[in-house]
Amino acid sequence: MTFVSKPPDVRNQATANAEKVDFERINVTFDAAGGDSVEVLKDVNLAVSPGEFVSIVGPSGCGKSTLLRILAGLVEPTSGRIRIDGKSLSDNRERVGFMFQRDTLLPWATVEQNIRVGAELAGVPRNQIGEKLEKLIDLLRLAGFENRRPHQLSGGMRQRVSLGRLLAFEPEIYLMDEPFGALDSQTKIAMGREVLRIWSLHRRSVLFVTHDIDEAVTLSDRVVVFSARPGTIKLDLKIDLERPRDPQQLRKNLQFGAYIDQIWSALE
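Everything in the sequence shown is counted per our numbering, starting at 1 for the first residue and increasing by one.
Source of the hints: derived by calculation from the structure; they are not laboratory data.
Given the structure is predicted, the values throughout are model-derived calculations rather than measurements.
Errors might be hidden in some of the hints.
[To be verified] The calculated lysine-lysine pairs, modelled on DSS-like cross-linking and capped at a C-alpha distance of 27 Å, are:
1) K87 / K42
2) K42 / K234
3) K42 / K20
4) K238 / K87
5) K20 / K87
6) K252 / K42
7) K252 / K238
8) K252 / K87
9) K238 / K42
10) K20 / K252
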């Protein structure tokens with residue numbers, strides 16, 4: 001078993017020329033009501049390698065989602081530097097795709113039309129969109145539901161459509177902010193399987209925020225634990241479990257349990 005624990009000011013071991021994403025000394029302070037300020041992130045250093053699946057866990061309000069929003073260009077850090085493939089974030093934002101906790105599907109649009117949005121944003125030629133959508137709908141097991149609207153779908157199916165839109169956009173980096181947090185346990189496990197299956201085909205870099213430690217260990221190559229606000233990195237844990245992984249079978253694995261204990265200890 002391999003545990004990697006690091007103090008907040010030490011970066012992980014990915015070398016500069018191997019990093020897909022590089023957060024360097026990120027600090028974020030927000031102005032609050034009454035002229036006060038809130039320090040959200042403090043001296044965060046984190047690198048993600050190409051094709052690496054990294055989950056971030058930590059207490060509510062510790063800045064997990066803020067870090068993803070910085071990479072998406074939705075929040076400006078107070079200080080620090082972010083690079084993608086060694087280049088500035090401002091030159092690379094179109095290579096980042098975001099999947100939120102609550103689906104942002106167009107309520108009046110069908111499943112196919114909602115997924116089409118991602119392809120259109122990616123600039124896929126019109127004569128290729130139809131074939132692309134057909135493949136994605138098959139990949140996501142949505143065949144037969146192409147003409148349904150969001151209100152006619154279960155929560156899990158709506159999230160599959162959201163994932164389809166992300167895949168249609170074809171980003172190099174997936175940002176997933178508690179995408180299954182509102183789902184029941186059984187559906188969450190099923191969606192975890194779907195994500196692992198699809199990720200294994202595409203092998204994109206993923207930053208995945210979750211409060212579910214079992215989910216984080218099941219999905220990830222590494223789990224990063226944030227402290228309470230202001231968020232700093234308390235633990236950077238390599239998950240050395242064989243892939244492919246079955247969420248239900250993993251729970252019987254002693255090493256899986258040891259990782260869970262290690263993360264809980266860091267959170268406490």
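Exercise. Is the Cα-Cα distance between K252 and K87 27 Å or less?
Worked result: violated (43 Å)
Exercise. Given the hinted pair K87 and K42, is their alpha-carbon gap at most 27 Å?
Worked result: Answer holds: K87 to K42 is near 23 Å, not above 27 Å.
Exercise. Quick one, are K42 and K234 close enough, alpha carbons at most 27 Å?
Worked result: holds (12 Å)
Problem set entry | Proposed proximity, K42 with K238 (alpha carbon, max 27 Å) | holds (22 Å)
Problem set entry | Given pair status - K252, K20, alpha carbons within 27 Å | violated (33 Å)
Exercise. Are the Cα positions of K252 and K238 separated by 27 Å at most?
Worked result: With Cα atoms ~19 Å apart, K252 and K238 stay inside 27 Å; holds.
Problem set entry | 27 Å Cα cutoff - pair K20, K87 | holds (10 Å)
Problem set entry | Distance restraint between K238 and K87, which requires alpha-carbon spacing of 27 Å or less | holds (26 Å)
For this session: Would you mind confirming whether the straight-line C-alpha gap from K42 to K20 stays at or under 27 Å?
Result: Answer holds: K42 to K20 is near 22 Å, not above 27 Å.
Problem set entry | Pair hint K252 and K42, alpha-carbon separation not exceeding 27 Å | Between K252 and K42 the Cα gap is close to 37 Å, so the pair fails against 27 Å, i.e. violated.
Checked against the numbered hints listed earlier, the structure breaks hints 6, 8, 10; every other hint is satisfied.
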